[in-house]
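There are 2 protein chains.
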Amino acid sequence: MVDTMLRGYKDIARVGLVGGGVIGTGWAVRCLANGLDVSMTDPAPEAEARIRETIARTWPTMEQIGLAEGASVDRFSFHPTIEAAVDEADFVHENVPEREDVKTSVIAEISKHLSAEVIISSSSSGLLPTSIQSEALAPERVIIGHPFSPLYILPLVELVGGEQTSAEAIAKAAGYFTRIGMRPLHVRNEIEAYIGDRLQEALWHEALHLVNDGIATMQEIDAAITGGPGLRWAFMGIGMGWHVAAGEGGMRVNMQHFAPTLELPWTKLKAPPFTERLNDLVVEGCEAQQGDRHWLEMEQRRDQALIKIREVIQEYWYPEDQDGWPKVRELP
Amino acid sequence: MVDTMLRGYKDIARVGLVGGGVIGTGWAVRCLANGLDVSMTDPAPEAEARIRETIARTWPTMEQIGLAEGASVDRFSFHPTIEAAVDEADFVHENVPEREDVKTSVIAEISKHLSAEVIISSSSSGLLPTSIQSEALAPERVIIGHPFSPLYILPLVELVGGEQTSAEAIAKAAGYFTRIGMRPLHVRNEIEAYIGDRLQEALWHEALHLVNDGIATMQEIDAAITGGPGLRWAFMGIGMGWHVAAGEGGMRVNMQHFAPTLELPWTKLKAPPFTERLNDLVVEGCEAQQGDRHWLEMEQRRDQALIKIREVIQEYWYPEDQDGWPKVRELP
Chain B
1 MVDTMLRGYK DIARVGLVGG GVIGTGWAVR CLANGLDVSM TDPAPEAEAR IRETIARTWP
61 TMEQIGLAEG ASVDRFSFHP TIEAAVDEAD FVHENVPERE DVKTSVIAEI SKHLSAEVII
121 SSSSSGLLPT SIQSEALAPE RVIIGHPFSP LYILPLVELV GGEQTSAEAI AKAAGYFTRI
181 GMRPLHVRNE IEAYIGDRLQ EALWHEALHL VNDGIATMQE IDAAITGGPG LRWAFMGIGM
241 GWHVAAGEGG MRVNMQHFAP TLELPWTKLK APPFTERLND LVVEGCEAQQ GDRHWLEMEQ
301 RRDQALIKIR EVIQEYWYPE DQDGWPKVRE LP
Chain U
1001 MVDTMLRGYK DIARVGLVGG GVIGTGWAVR CLANGLDVSM TDPAPEAEAR IRETIARTWP
1061 TMEQIGLAEG ASVDRFSFHP TIEAAVDEAD FVHENVPERE DVKTSVIAEI SKHLSAEVII
1121 SSSSSGLLPT SIQSEALAPE RVIIGHPFSP LYILPLVELV GGEQTSAEAI AKAAGYFTRI
1181 GMRPLHVRNE IEAYIGDRLQ EALWHEALHL VNDGIATMQE IDAAITGGPG LRWAFMGIGM
1241 GWHVAAGEGG MRVNMQHFAP TLELPWTKLK APPFTERLND LVVEGCEAQQ GDRHWLEMEQ
1301 RRDQALIKIR EVIQEYWYPE DQDGWPKVRE LP
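Chains as they are written, first to last, in our numbering: chain B, 1 to 332; chain U, 1001 to 1332.
Because the hints were derived from the structure by calculation, they are not lab data.
Worth double-checking, as some hints may not be accurate.
Label-pair ranges, simulated between beta-carbon atoms [what the hints assert, rightly or not]:
hint	chain 1	residue 1	chain 2	residue 2	range
1	B	112	U	1315	43 to 51 Å
2	U	1097	B	279	16 to 24 Å
3	B	130	U	1320	29 to 37 Å
Chain U regions said to be covered by chain B (calculated; three or more residues, Cβ under 8 Å) [to be verified]:
hint	stretch
4	1060-1072
5	1150-1162
Only part of the chain U face toward chain B is listed, based on derived beta-carbon distances under 8 Å [as the list claims (entries may be wrong)]:
hint	residue
6	1189
7	1218
8	1227
9	1268
10	1309
Where a beta carbon is used, it is the ideal one built from N, C-alpha and C, also for glycine.
Could you put together the complete structure from these sequences and hints?
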């Protein structure tokens, strides 16, 4: 398995990028910084200048993170057509607008110009790979590789295969993403919005309801995240955040504590029924992440991380917002 | 208004705590570190020993954050009854189990032993203040003061008044919370789960559905947060995270980009209708937070903060989880 993976990514020297918005340009920056050649296309008239400017602007950040040997902005080229951009590519990212018909036809077009073993990775945020691979030649090499902005810094990339995607394509793509410094998360079940955007969208829809119903402003919603749970989510997620918060007993205690409130109208999203099976899945998932670490050690590390993260935010984000919280604190 | 606030918190020297679980003990730690006297009660037989042990264990963390003048663990006392714990208190936190009947009767009991100007702040995560203040003497001084774990580090506290709560009680409580290093967010509309837990519960219910439907494990869900959006949420929230990610045009561009996907089944939580009014509320809320900062400056600061936060997590949380992500990355 590892051999397949290594064989896969070692072959990749040139990446083709189709579509140069925020996501496409992010791939260009990450790939260049990781020492790859990048060939790109985008139909907008001002695209090349804008993309080159963004790469140049972001390069000092990538130098700070650390460039791979041989990495250079000079290894970027811009091309007038999809054919020219993907011509010699060993891996292609599709980054066109989030419409199923558009992505499906662009992926079909890309596939015509590539030999069958070159992977086409769609940056879709939530469309089904089975749909968008349907018109491609050699559809078994079409996957979703869904990143998160700013993708040149954030490590997560979700890999999702469609009905026709081969296991080898997923393995090869995982090797490639690891090679460019990312953490591939294989979404084993094909589902719209995958895992990350399911969660983002749930949070977002609830926020939109709060705004729409006149309960809270966008500022108050952001403040309610950044002052509290968001700080834990950054490194613990929601499961481990509550697992460690509970102290002795962890999520096993917390789930019993939460069970009655699952029925309460605390969100517009109705919970699934609280069954023993669901309880066990959640508890065992948290305990597996804990491993043989003692909860007191996790508490201590959590607290240290939170103190330091707050110091970073104070230093690098807007200290005047952190100190007095003037834009959100409302005293009557 | 400021005068009322200052008059309020300057009077507070002793805090009474009723209920000594994770939240009650967290208040004890925060209040002691901020130089207050703390009188506490909890009916569990082992409670006093456990609480004292937790305070002692957490004290070095509070020393690291910085103790107020005169702060001492010796200013903690434990009492056998509610009456004794709140007897000389200038401010009382109620931290008993999350059941409306229990909280309502405990708050009624607390109120009998306090003069009418002493605020009773419930640590409820989502119950309506109008309900739990209903049997109290002088119900106008009953508020919700909802913290987030670990409450001795996280600054957010949501203040919610019920129908009978006075504006003065909210103002006085806001002054007190600021005095003990917190950021009071006044939830202007009484609603179950307030703002912070609406958002947490939406995320949580979506996560439970993913687990329940066999789509993802708890580990994969946490990984999908910590590798990507969670890192932004820590300091930008969801609105500003997307506002800055969009580059030029910010959320005004992103909302148009998101509009078609709001209709897609990307979460079990249906979005409100996408209206011009909702669009304006979201966009203007983000632009107000931006103020006259240029998006290029915000992008630069965001990237610096993200790089440093990732370094903190690498150093203080579990580096072996960050490096290889062995527990969540699944290659087929």
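Status of each hint after checking the structure:
1. Restraint check, residue 112 of chain B to residue 1315 of chain U: a C-beta distance of roughly 48 Å satisfies the suggested window 43 to 51 Å.
2. In this structure the supplied range 16 to 24 Å holds for residue 1097 of chain U paired with residue 279 of chain B, their Cβ-Cβ distance being about 19 Å.
3. Remark: the range hint 29 to 37 Å for residue 130 of chain B to residue 1320 of chain U is upheld by a beta-carbon distance near 36 Å.
4. Residues of the stretch 1060-1072 of chain U with a Cβ under 8 Å from some Cβ of chain B number 3, which satisfies the need for three, so the listed coverage holds.
5. Counting residues of the stretch 1150-1162 of chain U whose CB lies closer than 8 Å to any CB of chain B gives 6, so the stated coverage by that chain holds, three being the minimum.
6. At its closest, the beta carbon of residue 1189 of chain U sits 5 Å from a beta carbon of chain B; the interface hint therefore holds under the 8 Å criterion.
7. Interface hint status for residue 1218 of chain U: upheld, as the beta-carbon distance to the closest one in chain B is roughly 3 Å, under 8 Å.
8. The criterion of a C-beta within 8 Å of any C-beta in chain B is met by residue 1227 of chain U, whose closest approach is roughly 3 Å, and the hint holds.
9. For residue 1268 of chain U, the interface hint holds, since its Cβ comes within 8 Å of a Cβ in chain B; the closest pair sits about 6 Å apart.
10. Restraint check, residue 1309 of chain U versus chain B: the minimum CB separation of about 5 Å is within 8 Å; hint holds.
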